[in-house]
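J.: One letter stands for each residue in the lines below.
4 protein chains.
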Amino acid sequence: MAAAPEPVRDIATLGSIELLTPKPQQSLWYFRDVLGMEVAHTDGNSVYLRGYGDFAVSTLKLTGAKHSGVGTITWRAASPAALQRRARALEACGFGVRWSENDFGRGPTYHFRDPDGHSMGVYYEEQKYVAPDDLRSTLKNLPQKYTARGAAVRRSDHLALLCKDVATNRRFAQELLGFQLRETILFEKGSFELGSWLSPNAVHHQLAYVVDVKGANGRLHHISMWVDQREDVLRAADVLTENGIFIEAGPSKHNNSQAFYLYSYEPGGNRVEIYSGSYLVLSPDWEPVTWDEDERGTGVYWGGALPESFIQYATPDIAQAAPVGRDVPVFDPA
Amino acid sequence: MAAAPEPVRDIATLGSIELLTPKPQQSLWYFRDVLGMEVAHTDGNSVYLRGYGDFAVSTLKLTGAKHSGVGTITWRAASPAALQRRARALEACGFGVRWSENDFGRGPTYHFRDPDGHSMGVYYEEQKYVAPDDLRSTLKNLPQKYTARGAAVRRSDHLALLCKDVATNRRFAQELLGFQLRETILFEKGSFELGSWLSPNAVHHQLAYVVDVKGANGRLHHISMWVDQREDVLRAADVLTENGIFIEAGPSKHNNSQAFYLYSYEPGGNRVEIYSGSYLVLSPDWEPVTWDEDERGTGVYWGGALPESFIQYATPDIAQAAPVGRDVPVFDPA
Amino acid sequence: MAAAPEPVRDIATLGSIELLTPKPQQSLWYFRDVLGMEVAHTDGNSVYLRGYGDFAVSTLKLTGAKHSGVGTITWRAASPAALQRRARALEACGFGVRWSENDFGRGPTYHFRDPDGHSMGVYYEEQKYVAPDDLRSTLKNLPQKYTARGAAVRRSDHLALLCKDVATNRRFAQELLGFQLRETILFEKGSFELGSWLSPNAVHHQLAYVVDVKGANGRLHHISMWVDQREDVLRAADVLTENGIFIEAGPSKHNNSQAFYLYSYEPGGNRVEIYSGSYLVLSPDWEPVTWDEDERGTGVYWGGALPESFIQYATPDIAQAAPVGRDVPVFDPA
Amino acid sequence: MAAAPEPVRDIATLGSIELLTPKPQQSLWYFRDVLGMEVAHTDGNSVYLRGYGDFAVSTLKLTGAKHSGVGTITWRAASPAALQRRARALEACGFGVRWSENDFGRGPTYHFRDPDGHSMGVYYEEQKYVAPDDLRSTLKNLPQKYTARGAAVRRSDHLALLCKDVATNRRFAQELLGFQLRETILFEKGSFELGSWLSPNAVHHQLAYVVDVKGANGRLHHISMWVDQREDVLRAADVLTENGIFIEAGPSKHNNSQAFYLYSYEPGGNRVEIYSGSYLVLSPDWEPVTWDEDERGTGVYWGGALPESFIQYATPDIAQAAPVGRDVPVFDPA
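Chains as they are written, first to last, in the numbering used here: chain R, 29 to 362; chain S, 29 to 362; chain P, 29 to 362; chain V, 29 to 362.
Quick caveat, the hints were computed from the structure, so don't treat them as lab data. Be aware that a few hints might be false.
Pairs involving identical chains hold if they fit within one copy or between any two copies, as the list cannot separate such chains.
Quick list of in silico lysine-lysine cross-link-like pairs, DSSO-like style, CA-CA up to 30 Å [what the hints assert, rightly or not]:
1. LYS217 with LYS242
2. LYS173 with LYS51
3. LYS192 with LYS51
4. LYS217 with LYS156
5. LYS192 with LYS168
6. LYS156 with LYS192
7. LYS242 with LYS173
8. LYS217 with LYS173
9. LYS94 with LYS217
10. LYS217 with LYS51
These numbers come from a predicted model, not from an experiment.
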């Protein structure tokens, strides 16, 4: 009898997130001067940014656009062979879009859409960051000097996407991308999947899918920036408040993920989390933690509850913009 | 032309460390009452312990013995097939010892020795911790209540072994266990490998090999316990000092690993680190960071320098005990 | 021309707070096992407690009573002469009650009531804490070993009292006790004083008067326990939650006082704050900071807003118990 | 029988420190860009600086000079009458120098020298800081926006002076300035006073006298800048190291004062401490904590020991510059 196939482990990590903003100058001010990120590159309508601890040359691409929201999300493959395998599998299942030549800092990328229509890509080759003299760290294993500017976020950590149907997108991430399901919110006696948290590596989650209460496709709930200490999140709250940035929720402690966080809106309207703590998952047989209505509660372990806007607001904000509808393939690999 | 073989990724994580102690009662007091760990099981001469955040039923096995030092170190395989592959590979290369039946909390284990002679094992099946009522956490994703006792370490993090020849043992870990080399200290223009830090996953290192200046085999430099915040390391320094425990070095910040740490001696004589911070490695093509004499300096980024004892002292302490000499196979897979 | 008289500076500091509880055993568990305080003495229906950093033998007296609320609040005079001066001044203004012999740990005390009727006392002689062997610290300037138990609060910090008329009680504290007004909330174009924060020393406030929205007398809003780091407040939130203690608000940052805090209810029903940060006031000519409706906002600088219960609930809870009415002298020293 | 006179309490707080530097531009860079202080005023050869939490318009005066060291140290009186009393008392005892007109931000100042010859002044009137629009805080009780620049020190905290004879200077501070002795190091069975820590208010110490092992007069050991959290000291260590600033000692925890600290050298050569924690003293009858040779140990509670330079080096550095000898009055008020 043949053994069960071993799980797919072709994706190594989240690579980069493209954020769309109708206010590019103000958004740049937010990420560079308030969060303390560095500009690595500028190209036309896009600015490429990085945290001082990001080893890749850039992990955040800020692109001027008519509406806010998320552009292309890229994932790094574990090897050249893994990249080819994922490209073939995605194409075979009908999610594939095309190969593209290099975007700044990344090699050939196979583009695809998740079942909800979010634009994604997978690549292997990545340009390492080499700091110019004035940004060289005195720590040999730190890619860039700790400039201590503003909230001084260390690196991009994860993102959360809204979608019409969490289960479908979650299964896509598990089966086609090989992500492990870490936690999931199941309401109505398990029949309604409100949100799911997934990861291709030890980081608690690098991708979350949460149901879009407005029934749209392709929207962004938030991106998340890592700081090393809970105290850094508190300090970020001071920095954001002194700079007139709206803090929607937190500093508080999530129940799912256990992370300590705050949520702000960058000037372009996108929700940005400052995030620390959480826990690593190293178990190959991790059993997803499930939360029902009672266990989920107000969405926090302690600290101020998540407000209604946390459910209602996402980008693009479809009170103003039409839904990003698109014809998406049905995910049914069976 | 055939593509290069993909790297071995059969080990998921460090599983457990057996620590030998000539003062088992005092060592138990140290780990339970001062570090705040829980006793999960007792069996003959051994006590099985866990941090409140360890998902496995136990990650530290404390065994009464004539001398201090390290017993068997176990690694968890990524799948049942991965376990079989590693067992076959280790046996084929002459490092294999035998299969054993289950130790507490772990399934069938293939035992082997590293080139320096340290006793190791690899297994797949693992017993998850299920807390009794009085230790159940109010956080559903936390395996056990945060009791806040003493230094309240969260989980076992890594260990550092001494060996006669770092390069040989490091290559063994890379090639036979599939670990990625993260950082290495190379003195004398690269000809002398003083120490190397390796990991099978995103944790910066779960295993370090450091040269044994006394030329012995099979000794332990330290085991390391994780706390979530740098502030917790400072608090641990208060707790240890109030309990009369010797702090050998730190709180300080390592240059390699960037971690914030302190080193204490548990009553049995073994060196125990309290550790936080560091950085995750998610790159499949990570280039090891190398440190020469000048870059290594005093071994710290800032804070009190590592003392001479940090080089000279290890367990068993061969000023008192004879070296753990043994006939070890030469690792030369080429 | 005669110079203006120098300000009264006869009170050195808050001495102790007596807390009334209808559930003395559970309240004791809360303060000793959850907050980590030590029992210094037991006498009849009262238990005398202390934080590890309190230099006095006790700063919190827990007394079993039919209702929750505050008992006698004592203030330490700056000198024997200062004690006599305050006793004479309080008596002359009609607030005096009587001299009493020693309560545990304190010398002769002159009792009085504030205009709202809260029971207070002023004393000079105080018993220093001398730790028994098992509680002796390894730090010579720390009165007691840091036991690291539970939230491990360091010392009593301040209290907030409700009253019918804030202005009257605030002027009493300024003029008869010599406290400096630090901050005040003035609504309705300055005509309504919602709350005032006062102190006899550099601590931001040791006494707050806040208006009782239920129009009662003599009630307690909260007592407050100090921890050294904001991170300790976060840790306390974990400890309280794991022990099933209700956190009413926070961790958040106050706008007035700038302190980082959380509020819990001890089992007897009294509100207890865990508190850190804030700022010292060393200026003899400090100009009180005033907050109007807009500036006060939700009562926080950032973090979860103060809930309605923060205004409505106090002890004794007069939804269940009749108001502690009493005939109080009118404070009109002019 | 006449009662004992009440203690002198005429000094409210440390007002400002003048620091002399042979490298004014580099020193300014250190305090403004690395420590994150603000320039409040410039006048000739002096720049007036402040921490974001200093209520006075300036607390640090940086003056270009041939040698490093300390200029004039000013103390704020508790009232106009207190200023007159101190001026008369200092003049009567032979320590007085002269009244001066206003230095920036401070009213009429009576100048004097301590027994060791350090230049000091006492004043009452002080200019409060009013932030320009771009530096206005969103916190009404914070005098200036938290800019989060560099180490972002909050305020000036204290200073330590070297002197030939600690006991003489300590008694001067106690008897003529009314400071309370908080801690003292007494070697050789109490016959040799190595150092003493004093304060006019609840802050643990605002002035320390330490013996000058080179037998000189009028030298400075260090000035100290406050940050709110121990974590901020760790962060400062990162900031200083990234900026190439030498850290002489720490981050570590003092035994006396319990404070968490690091010491750096600013480019002009003066030692600057980054400091947090410690404890408040509110007792009018505080018994000084004494430390003998054994208790003092390496000068730390935990963390790296204080190095030899901590004893040997001070400013001006008399290995290069001649001692600042001066004819000082003998303090013998009896």
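J.: Run the structure past the numbered hints and jot down the numbers of the failing ones, going up.
T.: 6, 7, 9 and 10
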